[in-house]
Amino acid sequence: MNGMTVIVKKTTQLIAGIIFLYGIYIILHGHLTPGGGFAGGVILAGAFILLILAFGSDFLHLVREERGSTLYENLAILIVLFLALSGLVAGAGIFFDNWLPHGTPGELVSAGLLPLYNIFVGIEVAASILTIFLALVIFKEEVLK
Amino acid sequence: MELAISIITGFMILGALYAIHARDLLSAVIAGGIVGYSLVICFLLLRAPDLAIVQIVVETITLIIMVAVVLDSSRVEAYGKFDSRAWVTAGTAVFILLIMFWFLRIASSDLAPLGDHTVRMADAYMNGAVERTGSVNLVTGVVFDFRGYDTLGEATVLVTAVMGVLTILRIKGRKG
Amino acid sequence: MTAYWLCFVLFLTGLYGVITRRNLVKIAISLSVMEFSCFLFLALTGYREGGVAPIVDVADPVQTYVDPLPQAMVLTAIVIGLATTAMLMAVIIRIYRKYGTFDIREIKNLRG
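Protein chains in written order, with my numbering: chain A, 33 to 177; chain B, 423 to 598; chain C, 377 to 488.
If you are wondering where the hints come from, they were derived from the structure by calculation, not from laboratory data. No experiment lies behind these values; they were computed from the predicted model shown. Fair warning: there could be bad hints in the mix.
What the hints assert, rightly or not - Calculated lysine to any residue pairs in the SDA-like style (CA-CA distance at most 25 angstroms, straight line):
#, chain 1, residue 1, chain 2, residue 2
1, A, Lys-177, C, Ile-468
2, C, Lys-474, B, Leu-574
3, A, Lys-172, C, Met-463
4, C, Lys-484, B, Asp-572
5, C, Lys-484, A, Lys-177
6, C, Lys-474, B, Val-516
7, C, Lys-474, B, Gly-586
8, A, Lys-177, A, Gly-100
Stated by the list, open to error - Okay, the calculated bits of chain A under chain C, using three or more residues with CB under 8 angstroms as the criterion:
#, segment
9, 34-44
10, 167-177
Cβ coordinates follow ideal geometry from the N, Cα and C atoms, glycine included.
Please take these sequences and the hints and turn them into a complete structure.
Have a look at this one:
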């Protein structure tokens with residue numbers, strides 16, 4: 033898969049960072065505004081997909097990238113599981129217990145464990161969708177060879 | 423409200439019918455996009471901004487993947503002649519659709535009209551939920567606190583789907 | 377009630393496509409149409425007349441919110457839908473590489 037023209041590449045360079053930042057904003061403010069881990073994670077994956085489509089597959093080291101995204105995906109779901117299990121040890125001893133202090137509703141650092149769940153589910157969703165896309169691109173490359 | 427939703431749903435039905443009957447696969451995929459993007463407007467009208475954000479990005483990525491698959495192929499759907507097997511299939515389709523309409527007639531007597539939703543169970547998720555979860559966004563409170571098991575199961579399904587894709591698309595065994 | 381009926385008709389359209397079409401890509405599109413109609417139905421059941429989006433303003437709480445429970449269910453289901461559609465497309469692209477066609481009848485004939 034070849035890259036696109038210089039105009040597309042330059043525009044992508046300008047836009048992709050802003051899209052990435054927007055995804056991070058959506059994830060971090062998931063307990064205050066519409067959005068959350070799922071929406072933000074899909075937007076993060078969209079920024080990476082935009083880069084891959086614009087710059088072509090020879091620009092990125094696809095296989096190494098895929099190995100990294102698989103690792104991040106598995107680590108993120110493991111951390112989500114451990115966060116859920118931490119409710120058994122601390123607090124009231126219930127699975128999925130929100131044991132951290134809740135703080136003032138409406139502030140950025142509030143709602144106990146919910147922002148942490150948002151962050152790690154966001155990483156998991158982004159890595160999963162990126163892995164699926166990379167697998168499809170790598171398959172296409174290997175068939176064309 | 424009901425009129426607007428009905429009009430957009432009518433457009434979705436037209437788009438789906440065109441997608442099913444189009445001869446070129448690329449135009450079928452793009453007509454399938456009509457259904458997904460109209461759903462975004464429906465979600466916005468139904469006061470669900472979280473769903474609208476997710477759906478508009480997911481639909482775009484789905485279209486990218488589908489177009490990438492279709493562009494590699496010959497793109498034309500081969501129409502065979504309308505033989506006896508096609509009659510059997512069409513008959514089965516009409517039969518199943520009639521049965522489903524019968525079920526709809528039974529079920530629709532129990533449905534409340536649109537906008538007249540009774541909140542028996544969801545009352546616990548709305549009144550006093552901010553004090554219990556600390557989250558201002560009620561949907562996030564339901565997803566990660568009240569119904570955390572659902573979310574954990576969903577994340578597991580996502581990982582399983584990724585493993586399935588990696589297994590299906592591997593050509594040769596990986597060394598080292 | 378019209379919206380519910382049209383939503384059901386959308387589901388039936390997808391079901392009709394799954395039963396009658398022989399092209400694998402069209403079957404995948406029909407499946408996602410059925411999926412979308414289920415999402416729309418769940419979002420419709422949660423709507424309340426005069427309700428606002430389920431985000432609480434602490435200083436000025438409104439009494440009528442849209443039901444957040446169906447929205448939370450649909451939120452997770454949409455992302456699963458993307459993953460399953462991608463997996464379906466992976467199977468389809470693999471079949472196309474092996475047999476050179478999307479038509480399920482031809483694939484069945486080629487095997488025998």
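Hints, verified against the model:
1. A:Lys-177 - C:Ile-468: 20 angstroms, holds
2. C:Lys-474 - B:Leu-574: Given pair C:Lys-474, B:Leu-574 is violated - Cα atoms ~36 angstroms apart, limit 25 angstroms.
3. A:Lys-172 - C:Met-463: 15 angstroms, holds
4. C:Lys-484 - B:Asp-572: 39 angstroms, violated
5. C:Lys-484 - A:Lys-177: 29 angstroms, violated
6. C:Lys-474 - B:Val-516: 34 angstroms, violated
7. C:Lys-474 - B:Gly-586: 18 angstroms, holds
8. A:Lys-177 - A:Gly-100: 24 angstroms, holds
9. 34-44: violated (count 0)
10. 167-177: That given contact holds, which follows from 4 residues of the segment 167-177 of chain A lying within Cβ reach (below 8 angstroms) of chain C.
In the structure shown, a violation is registered for the earlier hints numbered 2, 4, 5, 6, 9, in ascending order.
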